[in-house]
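Between the sequences and the hints, there should be enough to build the whole structure, so can you do that?
So you can see what is in the structure, the chains are spelled out below.
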Amino acid sequence: MANNKQYWVGLEELHDTEEFKQAKENEFVSQPQSVDAFVSATETSEAAPGRRDFLKLLGFGVTAATVAACETPVIKSIPYANKPESITPGVPNYYASTFYDGTDYACVLVKTREGRPIFIKPNEDSGQVLNARINSSVLPLYDSTRLRGPLADGKPASWDEVDSEIENRLSKTDGDIAIITGSVISPSPRAAFEKLAEKYGEEKVRMVSYDALSQSAIRRANERTFGKAVIPDYDFSQAKVIVSIGADFLNDWLISTQNTAQYVSRRKPDGDWMSKHYQFETLMTLTGTNADERATIKPSNEGRLLLALHNKVAEMTGGSKVSVKTDDLPTALIEKAAKDLAANKGKSLVVAGCNDTALQVVVNGINRMLGNYGTTISTNTELFVKNGNDSEMKKLVADMNAGKVGAVLIYGANPAYNYPEADKFKSGLEKTGTAVSFASWNDETASLCGFVCPDNHYLESWNDYYPKTGHYALAQPTISPLYDTRQAQDSVLKWCGADQTYNEFMKEVWRRYSGEMGGDSILFEDFWFNALRRGFVNVDVPGESVFGDFDASAVASAAQSIASRKPAGDGFEAVFYTKVGIGDGAGAVNPWLQELPDPITKITWDNYITMNPADVEQYGFNMHYGQEMPASVAKLSVNGKTIELPVIAQPGQKRGTAGVAVGYGRGAAGEEVGRAAFRTKEYGGHQTDENGNKIPVGVNVFPMVSMEKEGPVFHAAGVTVEDAGRTFAVAGTQTHHTLMGRTSVVRETDLKTYKTSGPEKYNPPHVLPIHEGGTVINKPVQDVDLWNNHPVAGVGHRWGMSIDLSTCTGCSACVTACHSENNVPVVGKDEIRRGRDMHWLRIDRYYSSDMNMEKGSDEGKGVIATYREMEVPQYDNPTTVHMPMMCQHCNHAPCETVCPVAATTHSNEGLNQMTYNRCIGTRYCANNCPYKVRRFNWFNYKAYDKFTEVNPAQDEMARMVLNPDVTVRSRGVMEKCSLCVQRIQGGKLDAKMKGKPVEDGAVKTACAEACPTNAITFGDLNDTDSKVLEGHKDDRAYYALEEIGVKPNISYKVKVRNV
Amino acid sequence: MHKEAAIRTPLILGDKTYHDITADVVGPIEGKASKTWYLLVTIAGLIALWGVGCVVYLIATGIGVWGLNKTVGWAWDITNFVWWVGIGHAGTLISAVLLLFRQKWRMAINRSAEAMTIFAVMMAALFPGIHMGRIWVAYWVLPLPNTFGSLWVNFNSPLLWDVFAISTYFSVSLVFWYIGLIPDFATIRDRMTAPAAKKIYGILSFGWSGKAKQWTRFEEVSLVLAGLATPLVFSVHSIVSFDFATSVIPGWHTTIFPPYFVSGAVFSGFAMVLTLLLIMRKVMKFENYITIKHIEYMNIVIIVTGSIVGVAYITELFISWYSGVEYESYAFINRFSGPYLWAYWAMMTCNVISPQLFWFKKIRTNLTLTFILSIVVNIGMWFERFVIIVTSIHRDYVPSSWSMFYPTWVDVGIFVGTIGIFFTLFLLFARFFPVLALNELKTILKVSGEKYKKEDH
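Sequences listed follow chains A and B, in order.
If you count by this note's numbering, then the first sequence holds residues 1 to 1059, one letter each, in order.
If you count by this note's numbering, then the second sequence holds residues 1 to 457, one letter each, in order.
Hints may be right or wrong, so weigh each one.
Unchecked claim - Some chain B residues well away from chain A (every beta-carbon gap over 10 Å; in silico):
#1 30
#2 52
#3 122
#4 288
Unchecked claim - Under 8 Å between C-beta atoms, here's a sample of chain B residues computed to sit facing chain A:
#5 71
#6 134
#7 398
The set of hints was computed from the structure by calculation and includes no laboratory data.
Beta carbons: idealized from backbone N, C-alpha and C, even for Gly.
Take a look at the structure:
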């Protein structure tokens, strides 16, 4: 029955009408109109939408409008739909490559993440080390002011146009074709340039190189004394006594990174022996701060000082003497040095920095007397760096001016900026028909050239290097060119009509030499692959001497010429020196290097005149600079050229001298050389002059370098210094320069004390008088504790660090490495001036003072007066100490207890951690930090206008250098050294994957990795075999400010001076 | 109830009747405001707006607009905070402690002193807020249940204790002040004729009808709140001082800080009360209520607390020498002989020497001198906090980080701005609130007694 029941939905169904039947057939009453039909319909009636369509369109319209109104992020990256071989997102790849820029050379490893190079570290297999200039070299790769394609007559052009025009002009020119380069130490580029000679005629093409920081006198001296213009390889690691006359060999003398590694290997007081280092110099140099004994001299007296040393050594070794006036020389120290030298014949080394042939000849004479050839000075290994030939360059400039040169190609050189006779060069360039520059920027020289064919950055390039006998190195691209640039050698090959790529060409060159390089026994492809993977090939050095016979008469005549020189008199003298960060000017475009505090003055973003404090006082210039204390500006005139720069009082500089660094004043005529080279305004943007040109940081002093007959000389006599009557703000990260007798911050001793007495003498423990059992007993501070220990001792990992103050040279490579690894913001001059540098790792530099508490009380001085005098560094010859300072990762961290929101906490691995996204920015932790290592984000550095011109994180291109493993901090949070926690985590994961415990040395912080002297050791204090634990247990180990009981995980080792 | 010695001068002068008191206090609220008031409130309001502008600029741009640096992480911000908290001490001390000690003379001054406390604490509370790098997450200092997992505040941090101390102090003070206001609001309500005003005061007076039972409860609550507030008077500034005392920084790490801070706070609080009342007394013609005797009593409190503060300064110096700790002794040598010696000696002059002048009765009963010295004391107390904060951290352990602090216009602007806001609030209070506790005052008025004294017998 129930089956008969019918349900109907409406009367239509009940009556089963026709309309209903039709409707039932066709469920969707009318076909919805498609959007296309609606949009394309021309007739209104045709397109008239039904109610449903109208609603749909309305809905679509509203949604579309809403969606369109929201800014959808445009993501330009391409997802790895197919995983590229060898790239795993999140896992870095390392490629061996080589850095060389005419000033520095080193084999490096390039860390790339997802195809982007982000960090440069030393290639440890090669045994070479880096400095700040090298490990910062990754940033210019991403500089958005680099040329993005070739230029013809200053306007962008296509490669084809440029190529055909240049080829045309090169083949048509009547004059010579000159290739101007810096020192080229690369076989393949040399071969490529030679190909150019083949094509356009050997007699027409000539290759001329010059060095901005010329050291050609060494070659010339060897030519005179040994008959061969070579630079031998010096070995500082074999020298028990090192005497340097003005050579800043830890910074800019020959291959400074090699010198540093060798030098420091013998500066360890625990080794078999520790070298003794004497330094005679004018300015306070990085090398001078590390010397055991130091005396200052005027640059014009260097020659006589060398003769005096020569005479003393001759006296003791039985050589011939020359007569010389020595009354105004530091004779006592000369005698002492000579005595030490003579006592260590064959195990000593005398080097000089000046570019004066006669002086270098005398140096050769002294080394010869001491029998250092064959021991500390190699007779069979030659250095090929600094192979510029100043006289050839001079001749070329003269030829250019005479109109004899039809075309110049300029590669790896910037003569319009750094050639001392730049004006002559520029006028010659005007008379040269065709000028082609391979510069990456439209810089001082490139902007004067008709064609600019921008070379790739070295991280985008193939190259090979042969810096010294027996050592070949390769550079390989780690990223495809970011801009429409082309490797210079590819350009050259193209113009030669070769259809090879440079890579193929280079392989061919190597194939030719592979036998020599020991590649005979294996297939070339295997040899090539291995060489590329390792980055270098070392081969045995043939035994034969690179020198000819020694010519004693050369020394005698050089000595005669020095002795007969007219004395410079008492006038002011100037020295033009190289800064650790800026080098020959290449560093001026790099914000990391501009922000790097100079290891000596601790000043950033500026060039200045250094003078002895006594001279500064005498002139009435401002003795101190600070946030609201600008420096006085002085006018310095040399040979009719005048510059105005602020004056800085530099302790340890010879009185009556002025020092100015080269490398500044880039882009003075408004050339685009990189944003960091220009001064910024207080609230952002560049400062401009009345012509609208950006004002460069500092002044270029290369034009003041005098071009002598044989080459440039980097000092000058007859200098006048006048008050310019105005002041100029300078920005330094350290404005107080003495230690105030605080021996619990820095401890130092001398080698004799260290060797002959126990640690209680040179590293006395801190004790606290404690009442116990009715008597007062002295307890070591580590036994007195208010707090419970963190349960990290012996459980899991406990990360720590050991820093050896004896081997830290203050070179600051760690500072830039940290900057690069940890995305530390660059804040610019105005913020540094306000004491807001963001460096997680800084190097404190202290000078000794004449005063101390004991002396003060002996002299009956009051305590206030004593402290005031302790604030003043010794004017003439202070000792210096460099102390790397970063978060000490205290076990009883004062910062941790005071944070109201627990944003900074202790990890169970002993790290003091900073949780940025929990931080509310009270800065209480920074106030309560005894080491003052915490850094606050005062502004939104990654977006605020003030930092647009300085902070790479604000630049679309430069942002690519950021380490993806490290957060870019936002405004209002605190940050500080994390002991590279991202590396620790990476190392732990790596060990876990391998199923082994983390090996000692497997995890290295960026600073430890960058340290050229291994002064910084990082590791696990719970690993009983670790080096860092050994460091902590060393007799020299102490904790900075141990008596306040914060129990750092970072220990220092007492600095030992060999005096 | 109120016993009065025959030899004592009465607390209220001028033969006031109960009605006179009501008329004197409520009269100005009922009448039109004077031109002076409008002028003052405009000036104060403009300064306040300037301050608000500076705060907005600060929050929009970053803490970097202040003059702080890597070494000096606190300067004017926390100086101003401690200064305002200190000023906010007097009100509660006067109303609570003096109530417990049955000091009847407090009745003429407690209302405005408490209002001053409330406003000063509001100004103080501004600074820990805006000194944060990320003020938008300021609520993280509260132990709120949250979705961040087990994330909790750090109970070890004195800054957190501050949050509790200040908020407790503020709420107790506010309640105490408001309870006192209820009967007075009721009086105003009863006298008001304008319906809107009557309505508002009606709401504010919580239906007070003046029954004996209400008065009993009023007395009881006052006593209970006084009991609650008294420890707070001591706790607030003790806890503020812990911000420094529990640190490791020489010059901060000092066990003497709690009593030293509390007496300093009372010292500056009374000085500020004097500054305000001396003006109010004149402008609102309260000479008969706030008498020379009140001024003198307050000046005596200033001598006592000022001397305690002076002893504390000397003790600090002594201990820094006696401790034999080089950092500790240098911190204090640097204070009085370093680059900020002018701040130290300004502090010493204003806080230690100037209040000693009040030993002379002529000076402590002289209104002009009292007024000047009250301002001098507050200048000195500002410098005290500046000296403690800035001169301790600008040169602490590691000489490489020693630096100077230079304020920017934003530092100055915000400080001046808070003074503007404070005076704006106080002027509004003076216009719309009963500035004297009129119903309480009536309890110390002995109409019959006065008459009796005056009549010849």
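Hints and how they fare:
1. 30: holds (47 Å)
2. 52: At roughly 20 Å from the nearest Cβ of chain A, residue 52 of chain B sits farther out than 10 Å, so the non-interface label holds.
3. 122: Non-interface label on residue 122 of chain B holds, nearest chain A Cβ at 20 Å vs cutoff 10 Å.
4. 288: holds (48 Å)
5. 71: Since the shortest Cβ distance to chain A is 6 Å, the answer is holds.
6. 134: OK, holds: residue 134 of chain B within 8 Å of chain A, min 4 Å.
7. 398: Holds: closest Cβ of chain A sits about 6 Å from residue 398 of chain B, inside 8 Å.
Of the numbered hints stated above, none is contradicted by the structure.
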